[in-house]
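Enquirer: For reference, the chains in residue letters:
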Amino acid sequence: MDKILAKKDFPRWLEALGAYDVYAPQLIDDVWNYELAADPKAVSLDYPQTAIPAKKIVFPQREFFFEFREADTDDYKLKELLPEGKPTVIFGVRACEGKAVTLTDLVFGGEIADDYYWKRRNAAVLVGLACASPPSTNCFCLSVNGSPHSKEGLDVLMTDLGDQYYVEILTDKGKKLVSEGGAIFHEAKPPDKKAAEKIHADSEKKLARELKNIKDVPAKLKGMFASPFWDDESMSCIRCGICTYLCPTCHCFDINDEVESQTPLAGRRVRTWDTCQFPDFTMHSSGHNPRPDKAARLRQRINHKFQYFVEVWQNYQCTGCGRCITLCPVGIDIIKVVEKVRDHAS
Amino acid sequence: MRANVYLPKLTKVISVKEEVGGVRSIKTFRTQFLDGGFTHKCGQCAMLSIFGKGESMISISSSPLVKDYLQFSILKMGRVTSAIHDLEVGSIIGIRGPYGNAFPIESWKGKNILFAGGGIGLAPIWSVLQTTLLLKKDYGDLTLIYGARTSPDIVFKEELADLKSKMTVHLSIDVAEPEWKEFVGFVAQNILDKKPSPVNTIAITCGPPIMIKTCIKALSEIGFKDDQIYTTVENKMKCGIGKCGRCNIGRHYVCKDGPVYSWAELRQLPQEY
Numbered sequence: 028m029d030k031i032l033a034k035k036d037f038p039r040w041l042e043a044l045g046a047y048d049v050y051a052p053q054l055i056d057d058v059w060n061y062e063l064a065a066d067p068k069a070v071s072l073d074y075p076q077t078a079i080p081a082k083k084i085v086f087p088q089r090e091f092f093f094e095f096r097e098a099d100t101d102d103y104k105l106k107e108l109l110p111e112g113k114p115t116v117i118f119g120v121r122a123c124e125g126k127a128v129t130l131t132d133l134v135f136g137g138e139i140a141d142d143y144y145w146k147r148r149n150a151a152v153l154v155g156l157a158c159a160s161p162p163s164t165n166c167f168c169l170s171v172n173g174s175p176h177s178k179e180g181l182d183v184l185m186t187d188l189g190d191q192y193y194v195e196i197l198t199d200k201g202k203k204l205v206s207e208g209g210a211i212f213h214e215a216k217p218p219d220k221k222a223a224e225k226i227h228a229d230s231e232k233k234l235a236r237e238l239k240n241i242k243d244v245p246a247k248l249k250g251m252f253a254s255p256f257w258d259d260e261s262m263s264c265i266r267c268g269i270c271t272y273l274c275p276t277c278h279c280f281d282i283n284d285e286v287e288s289q290t291p292l293a294g295r296r297v298r299t300w301d302t303c304q305f306p307d308f309t310m311h312s313s314g315h316n317p318r319p320d321k322a323a324r325l326r327q328r329i330n331h332k333f334q335y336f337v338e339v340w341q342n343y344q345c346t347g348c349g350r351c352i353t354l355c356p357v358g359i360d361i362i363k364v365v366e367k368v369r370d371h372a373s
Numbered sequence: 211m212r213a214n215v216y217l218p219k220l221t222k223v224i225s226v227k228e229e230v231g232g233v234r235s236i237k238t239f240r241t242q243f244l245d246g247g248f249t250h251k252c253g254q255c256a257m258l259s260i261f262g263k264g265e266s267m268i269s270i271s272s273s274p275l276v277k278d279y280l281q282f283s284i285l286k287m288g289r290v291t292s293a294i295h296d297l298e299v300g301s302i303i304g305i306r307g308p309y310g311n312a313f314p315i316e317s318w319k320g321k322n323i324l325f326a327g328g329g330i331g332l333a334p335i336w337s338v339l340q341t342t343l344l345l346k347k348d349y350g351d352l353t354l355i356y357g358a359r360t361s362p363d364i365v366f367k368e369e370l371a372d373l374k375s376k377m378t379v380h381l382s383i384d385v386a387e388p389e390w391k392e393f394v395g396f397v398a399q400n401i402l403d404k405k406p407s408p409v410n411t412i413a414i415t416c417g418p419p420i421m422i423k424t425c426i427k428a429l430s431e432i433g434f435k436d437d438q439i440y441t442t443v444e445n446k447m448k449c450g451i452g453k454c455g456r457c458n459i460g461r462h463y464v465c466k467d468g469p470v471y472s473w474a475e476l477r478q479l480p481q482e483y
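Residue numbers (my numbering), protein chains in the order written: chain F, 28 to 373; chain E, 211 to 483.
Okay, chain E solo, but in the shape it has when bound (with noise of 0.2 Å):
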């Protein structure tokens, strides 16, 4: 029998790292099921259980292709995200998942791709970037533009280092700092600034609301049609599975049939995300 849906699998924390300090504060943590498990694609989500607090949608920021971990880079914001910021290697939360649909990665075999990430976005993205990153000879040129507020804001720091010899990588800081040596500015700056080609490429941006407008926009500047950028959309959801009626834009619920979406496609939607 279909096993219910609404009862989550028991995983185990196996790691902790703390990406970013202060007030808001980003961690990323490694789970793995105590027994059975899921595969997940690029850009799907999970809900993740802390018993006696509730639930939160995550998406999955690591590879289909590495399968004895499930990672999430969580933001302390709310209820349950605070909780997961209390745990510990050796904890106990439930997952369940995977939802929603994922980035068309098969698709773009042959292109370039270019990530635009602002903040904790780049969790969503990361997934995508380590898949095609084990998978480069079947993809053209992957390049990075990230940005965070301030370099302490910046998250996987040493991952983006180890990166560089392997892909093209533009950070920026939103206010100069004495020591900052790359760009300063927005990230949609960044992209007017360093202008990727958009023949034969993909952009997938992703970050704050706001990012993602100015991303969206610098990138149609750039030469970008609407149908190579791609985006995820997050809205607060209870079930994750097109029932409890919260996360929906217009007839779509973004739980099930995002949270990736072309601009082409989001475009069309009414404005309430």
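Bound conformation, chain F alone (with noise of 0.2 Å):
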């Protein structure tokens, strides 16, 4: 059943959730982001895009595999580090993120399941926040499959009704994180649901930006490899990342030994992101690099997202939060370059 909570109750439910680590969309130095709410009282669900997406706390930036030591001669021993600690919760989830999360899910599982990815993420209950208007301009959720109040990937998703938030529970893990505030949620009423119901109808006219009919894009990019639209398009690019960096679906990482002392050998094996932007990424230790340029690298990123994982899992890896867009130092559209794709000719 859903539930309504006064918004002067908020910091209550917070302060009722010890067990968690809480986080929140918080600004600091000048940046909204997703940080440990150390005080209650200071959290506000009023804020616009953050600039890091949820994903940091499930797939964090950087993240120690195991330690090793030198024993003996020759002799290592190896400790695991796998991430411990509280359950995480995190408000203010927008869906797009949340969205973005059932696709890392996707990657991170499967046969061979990544055992660092899932004990973050099983630990972690999502609190969503409709957008009521898109948080940024750059906003297209629609475009790709996805809403400004889409559930997936949510736990619970709050509506703002004003004074107060609309909740609707979706999980066992939401329900349990609800019922952590006790009396202070109330049983909703058919005006209630109502009132939500149209600021979702709502938010879906006010996206100032979309990206249509796409269903083709994918056998389109296919016949497009060897075109020079790539050169063309990536011109300007100057490597720096931001765009896959700061995507709430990318996923690729780098894995590297940090070496601490020498004599005896110590040190941690260290996963950090990692980018298909980068020259580097691809190289191989020849020199030979299958991605040799800026067009190869740029069209590996419209190529996965709209191609490849289509083919693979039936779904766009981009949730159109418009991060790409909104960040790129010189102005790379995701949005300009799919229509251009779209309206090739074949």
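It is possible that part of the hints are untrue.
A few chain E residues that face chain F, going by a derived Cβ cut-off under 7 Å, partial list only [to be verified]:
#1 Met287
#2 Ile302
#3 Ile451
#4 Cys454
Each pair of labels, with its calculated beta carbon distance range [said to hold, decoys possible]:
#5 F:His311 - E:Gly246: 29 to 37 Å
#6 F:Asp73 - E:Phe243: 19 to 27 Å
#7 F:Asp259 - E:Ser430: 32 to 40 Å
#8 F:Leu354 - E:Gln478: 29 to 37 Å
#9 F:Val357 - E:Glu228: 23 to 31 Å
#10 F:Glu285 - E:Asp245: 24 to 32 Å
What the hints contain is simulated information worked out from the structure, not anything from laboratory work.
Quick reminder that beta carbons are idealized off the backbone N, C-alpha and C, glycines included.
From these two lone chains plus the hints, build me the complex, please.
Expert: This is the structure:
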């Protein structure tokens, strides 16, 4: 049954969540990000799009795999460093980010599951906030199988009704989280539901951007692999990689050893985010590079999101958050690129 | 519980053999697991760990029928392979795997097999060659066409000499040398020269990208169909399990969906290897 939570009671809910590490959008050094909420009273759900997507909590920018230590001459002791600690709850997750997590679930799951990802993922409760109006001028979720009030990947969806939140419980994890709040939640009444539905319907009309008629794009891309189109489109790229680092669906990573002591040799194996936009990403040690230039790398980004991922998982690997457009220093616009693909003479 | 996929198993180096000296040095290593281990299939790879340096994906060149060690032949190239070349008997390294698909050798029973390799490219097909030799009665004629830049660059020199009594072996070097009695020219030219019959035959080719390309062309020219030609592809890899995102050719991750492809499959994929 859906619930109603008065806004004045929201901090009380957060206070009741002592068993969790609570993350919420916070403005720190002029940038909005999902950060640990030390003071429940300071948490507000009136925020624009965060710079870094919520994926960083289930797939951190940097994490340790294991520690290695030289034990004897030529012998080593390995210590697994799987994530530990409290379960987490993330407040204010936008619909596009909840959906994005369902896409990284596909990548990190499967026959050979990634333990580090799933330790964090299984311990995370995602509380969404429906977008009454688009948090970014480049939002286009409706064009890529999403919506501003999508429930995909979320455990709870909250909708701002003015003085109160309309709270939809979507999973058992969500049910438990709401039960922690106890009596501060009230049963929602039919007019509340109607009000939430109106906000949802209206929100769909407010998106400033769209990417229409792209169902033939995956097939189209297949025929454009060798096209000079990619040279033209990638000309301005400065290879900063921001489009991929800050994409909620990008999951590429690097693995490296960090040495902390030489004798005896000791250190840790570390996973960090990586990007297909760097030349080193694919360069063989021989110097041969299968993706030798910016054109090949932009093509990889677009093809991965709008062709390869679709072929494997029947969904775009893009949830329309628009970060790569907003944050690209040279104005490469994924909507325009994909539109040009769509309209390209085959 | 299933083991953490990123945690390597410790192995001991039990033998080191220099195949080729000089700046493009190649060494063959055999390793034994300290505890447990895994069984692999022909064509699969393993991720070798040198703690403090990192990991490198290397094809397993020993036959799955040989149970007491894993063998790797490694060209000294980058940071990790250089560190591997410093290993001695008794050194401990990490290994995780096995990764990737395999040569479908079960379905090749009753067929002739032609191996065409260049340089270090003999290593990935060595596992198939050794296995089919051990199961010789299940297969038809086995032929090896192998070449290197110069005679000192030839790997498995003693094993090749020994092979000549067991199967047909054609060797080549790129440029003539005074003592060289066999073919002079590229592997692809040697294929055209020897013209092995494509009838009921599978061809496996592996080597530098340009050699693979020219060998496939030569094999097609003498009548091999696309689905009779197999090769292995390599791309830079980090995870080995299709997650880190860098070894893909189109929608295929070479670490997981490859490295073994028939030419019929590979020619459908974009040229990104």
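Enquirer: All hints, please: hold or fail.
Expert: Hint-by-hint comparison with the structure:
no.	hint	verdict
1	Met287	holds (4 Å)
2	Ile302	holds (5 Å)
3	Ile451	holds (4 Å)
4	Cys454	holds (5 Å)
5	F:His311 - E:Gly246: 29 to 37 Å	holds (31 Å)
6	F:Asp73 - E:Phe243: 19 to 27 Å	violated (57 Å)
7	F:Asp259 - E:Ser430: 32 to 40 Å	holds (35 Å)
8	F:Leu354 - E:Gln478: 29 to 37 Å	holds (36 Å)
9	F:Val357 - E:Glu228: 23 to 31 Å	violated (50 Å)
10	F:Glu285 - E:Asp245: 24 to 32 Å	holds (26 Å)
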